[in-house]
Amino acid sequence: MRFTKDHEWIELDGDIATVGITAYAAEHLGDVVFVETPEIGKSVKAGDPLAVVESVKAASDVYSPVDGVVVEAQPGLSDHPEAVNQDPEGEAWFAKLKVADPAQVEALMDRDAYQAFLDTL
Amino acid sequence: MNMQTVGRPTRPETTAATAPPTGAQGLLQAEPLIFELGNWDKTGVDLPEPDAGAADDLGDLVRTAPIGLPGLSEPEGVRHYVRLSQRNHAIDLALYPLGSCTMKHNPRLNEKLARLPGFADLHPLQPQSTVQGALELMDQLTHWLKTLTGMAAVALPPKAGAHGELCGLLAIHAAHAAKGEGHRTKVLVPSSAHGTNPATAAFVGYAVEEIAQGPDGRVDLADLAAKLDPANGGGDVAALMLTNPNTCGLFERDILEIARLTHEAGAYFYCDGANFNAIVGKVRPGDLGVDAMHINLHKTFSTPHGGGGPGAGPVVLSEALAPFAPQPWVVKDAAGWRLEEHAVGEAAQGFGRLSAFHGQMGMFVRAYAYMLSHGADGLRQVAEDAVLNANYIKARLQDLMTPAFPEGPCMHEALFSDAWLDDTGLTTLDFAKAMIDAGFHPMTMYFPLVVRGAMLIEPTETESRAELDRFCDAVRGLAIEALSAREDEAARERFKAAPVKAPLRRLDETLAARKPRLKWTEPA
Amino acid sequence: MRYLPITAEDRAHMLSAVGASDIDDLFVDVPASVRLSAPVDLPAHQGEIAVERALAALAAKNRPAGAGPSFCGAGAYRHHVPASVDHIIQRSEFLTSYTPYQPEIAQGTLQALFEFQTQVAALTGMEVANASLYDGSTACGEAVLMAARVTRRAKAVLSGGLHPHYAAAVQTLARGPGIAIQQMPAAIDAEAAVLEAIDADTACVVVQTPNVFGQATDVSAIAEACRAKGVLLIVTVTEVVSLGLLKSPGEMGADIVVAEGQSIGNALNFGGPYVGLFAAREKLLRQMPGRMCGETVDADGQRGFVLTLSTREQHIRREKATSNICTNSGLCALAFTIHMSLLGETGLRRLALLNHQIARTLKDALAAIPGVEIPTTRYFNEFAVRLPAPAAPVVETLAGKGVLAGVPFSRLAPDAGLDDLLIVSATELTTLDDIAAFAAALTEVLA
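Sequences listed follow chains A, B and C, in order. If you're matching positions, the first sequence starts at 1 in our numbering and goes up one per residue. If you're matching positions, the second sequence starts at 1 in our numbering and goes up one per residue. If you're matching positions, the third sequence starts at 1 in our numbering and goes up one per residue.
Just so you know, these hints were derived from the structure itself, not from any lab. Among the hints, erroneous ones may be present.
Under the rule of at most 27 Å between Cα atoms (straight-line distance), these lysine-lysine pairs were calculated in the BS3-like manner [to be verified]:
#	chain 1	residue 1	chain 2	residue 2
1	A	LYS96	C	LYS401
2	C	LYS320	A	LYS96
3	B	LYS179	B	LYS146
4	C	LYS283	B	LYS332
5	A	LYS42	C	LYS283
The following residues of chain B were derived to be distant from chain C, with all beta-carbon distances above 10 Å [unchecked claim]:
#	residue
6	HIS163
7	GLY205
8	ASP220
9	LEU221
10	ASP229
11	GLU384
12	PRO403
13	GLY425
14	ARG465
15	GLU487
16	ALA491
Label pairs and their in silico Cβ distance ranges [stated by the list, open to error]:
#	chain 1	residue 1	chain 2	residue 2	range
17	B	GLY425	C	PRO177	39 to 47 Å
18	C	ALA32	B	ASP488	49 to 57 Å
19	C	HIS87	B	SER191	43 to 51 Å
20	C	PRO177	B	ASP57	41 to 49 Å
21	C	ASP364	B	GLN86	49 to 57 Å
22	A	ALA107	B	ASP229	29 to 37 Å
23	B	ALA524	C	HIS87	34 to 42 Å
Model, not experiment: these values are computed from the prediction. Cβ coordinates follow ideal geometry from the N, Cα and C atoms, glycine included.
The following block holds chain A by itself, in its conformation from the complex (with noise of 0.2 Å):
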């Protein structure tokens, strides 16, 4: 799994990544109560706005970390936003994007590297 400093994170699989937002930034957005996801077949470049999450008060982006190509959207996730309070690094993924370029998604935090940026905010 791999991090962005915008709180996003990817996991790769063969050509296909899923993507999420970290479980700092679902803790900081206070209760999520829906999620717009992104439509399928939607082309992006890293930094454009893949989805939105809404709490009661605030509407928060969420950007591609990588170009790519939306094959999946979660589908459950608009019934079930609670998830994303629950389970942000797992059950509640976002969307799955067919990356262009592996290489974007290995060039991004660890672990570890996330942590450590993290340690500084």
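On the provided structure of chain A, position chains B and C as indicated by the hints.
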């Protein structure tokens, strides 16, 4: 992700601290919904019995299935809604310190006059010869607004402030189009702006670009100049949207330069008039270089907030923008007053119609009565007293709470950050909820976004010194208690549990958003 | 001055507390060149007596609709509002309260809004309703924008029976998002014609029933045709009392219903403030504009109500909001709720039947006049009258005789070529004497 965190709990922690709810608390009754009270047969309105076969010409267009609306007799209906009213706080009960809302007293004379049959019982499409007094009133209102603002024209139709913003931007859009400047697709908005500003700009099809704020809480002039620079895409800017005094309660000192830069870049200057109460009668927006400004009649001109509306947002316009005002407008000719509803030729440059009919006449009557009551001298005093009252509150609270911009006076509202609550474990929200137990509606919280944990207090001019002191004494007492929460766990718990004296305790907004229940349904 | 409590003594004390010697010290940030040194050139303050006199004089120059026979409709209707409604909305706690952002101390407003939303959903036959918009016409515009967002298509077809003011409001609002509007020509029985204009880029069609000519239409077939093409059906209702008698738009297959609620609880007020009703299918919920009130519980498990789904709105989403709207039409929505609660289903049906009944009597009386035709075939309380002469001058002449004869269609659409059409409406306030006076006067004028 761009994490929008606001650090406030949305789900209350259930504690066993307070007495179990019984429904009734002394004279405050628990009140069910009408769907739990009334029944399908009852009605509290006596009407004659229709003839049999009254609808036999309508065939299968007739609604046969039950609608689902219970009725109540008059005594039950009155009691139901009066009981509900008791669960509301209101201006008539105490100082309502909501920054940016201008919660001033709503004169009852205005209610009486708005209800005169000669105003209330007028159909909007009656022949114009039968409504000359109404049209004259609209014209008089226009005259007062033009004189107070130093502007050339007024568009009366907008039904609220946000609607006025839409009107102003549409006029600006039309003006640019008429000059062949349709390539201007950007609107500049400060980071401190009210959400309606960027929302309206987007609604009109503009891209929104943010301008930075300086450490003094005002527009960063260098950033504005850079964004207006043609070399930097400044030639694509259609308008600047600014609030003055701004949402931090401060007058933009560089306003003349801001207007000059904007005009030099070929853009228009839209002013959000939400804070006009601070300067009415003391400064004219026209003199500041404003091209369009909406005026919230429900703020500066006292029309009632009514639990959320209706408002009215007429827009004052400069000479340059006046031709693009929406229809209809009032004209006077030899025959008398007339609503111009279908302009032709030169006069037909307006951007069209915003809504049916001619605007919020009910609010025009109230606002005009307010203006006549105050007069030019009274309105000037309104601004002076509003500014004095806010500065007084700032002076009385600033030793305990952190003013966001301590240097210099504020205008009609005082802004504090939550820095003073550091290490107490308490948030702006906790403090606000405790204010309820102290007998006051909380101040505006978390707005403007540029100040952390913002607390924006606007007393208005209709507060007496006694009420201001009562408010400050209560807030000081709470602030001292909040600061004690640094060491005193019990104090912290009290804030977290607040309010305990209101009709309800903190509500679970998370549940409301996750499982929306937006109407009553028959229990299974 | 009666509204300004601060005395000279207060002022002195407060200036001292603030560390200023003069009030203008507090205006130091205002550039000197723009500071007004004296009050502007407008009259000085006046007491209640003078203000009342001035306003009464202006009011006296108007002829109230109720001062004689009155048949104006076309989007605003003169109905009886029970005395207790206006009395209750003037209670301090309703009149002078703010938007319920602090729900613990605003349960009165919030519970009333919840009742309102339930009533609107029931009346329109839809799954969910919001807490009101400004009026029916802006609600119509918002519905078109919403349909474009939902379908991701950029064209809307407006029926020739849609109130011209509503169509104009839609045109204005649609410009920003770049939605192309196709306006079908004005016609009495216009609604079905919208289907002819549907193409691959159509997001929605907007029909009105009863329409501006009073024609009531069963839109079920239109709904089916739209559904087959992925087009949303927006049904507009300008006379909400009609929903007490006619099949609801929801029942007929509408996706979004917009209505003017003024007829219930609210006076004519020369055009405003009114109250826009907005209801839709549940699956479209998150694209709906406007405030919404939802049910929840408090920390003690007590039922309560809060504004919810706020992340659609401007104060959070800013430029990505579903609308720029901030206020709703709070007090007008409350008046609607109270009136509707007093009426109940039984009262509303009775009221609607009475309206239709009196309109039938009116129609028979007018149809008997030589030269007069009634092209509207099925109506609720309003219909079009075809005169043998342009309608506008006839209306002016009749006004001179004390009869407000309705709305000439040319007032709404001067270029439609339908100058001979007059829109007339009747309500439970219309008496047989009114009808007789109208018929007699019209006969005289046409002779």
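Taking the hints in turn, this is what the structure says about them:
no. : hint                                 : in the structure
1   : LYS96(A) with LYS401(C)              : 75 Å, violated
2   : LYS320(C) with LYS96(A)              : 25 Å, holds
3   : LYS179(B) with LYS146(B)             : 25 Å, holds
4   : LYS283(C) with LYS332(B)             : 50 Å, violated
5   : LYS42(A) with LYS283(C)              : 22 Å, holds
6   : HIS163                               : 7 Å, violated
7   : GLY205                               : 4 Å, violated
8   : ASP220                               : 16 Å, holds
9   : LEU221                               : 14 Å, holds
10  : ASP229                               : 23 Å, holds
11  : GLU384                               : 5 Å, violated
12  : PRO403                               : 13 Å, holds
13  : GLY425                               : 18 Å, holds
14  : ARG465                               : 4 Å, violated
15  : GLU487                               : 25 Å, holds
16  : ALA491                               : 18 Å, holds
17  : GLY425(B) with PRO177(C): 39 to 47 Å : 46 Å, holds
18  : ALA32(C) with ASP488(B): 49 to 57 Å  : 50 Å, holds
19  : HIS87(C) with SER191(B): 43 to 51 Å  : 46 Å, holds
20  : PRO177(C) with ASP57(B): 41 to 49 Å  : 42 Å, holds
21  : ASP364(C) with GLN86(B): 49 to 57 Å  : 50 Å, holds
22  : ALA107(A) with ASP229(B): 29 to 37 Å : 36 Å, holds
23  : ALA524(B) with HIS87(C): 34 to 42 Å  : 38 Å, holds
Hint check: violations occur at hints 1, 4, 6, 7, 11 and 14; the rest are consistent with the structure.
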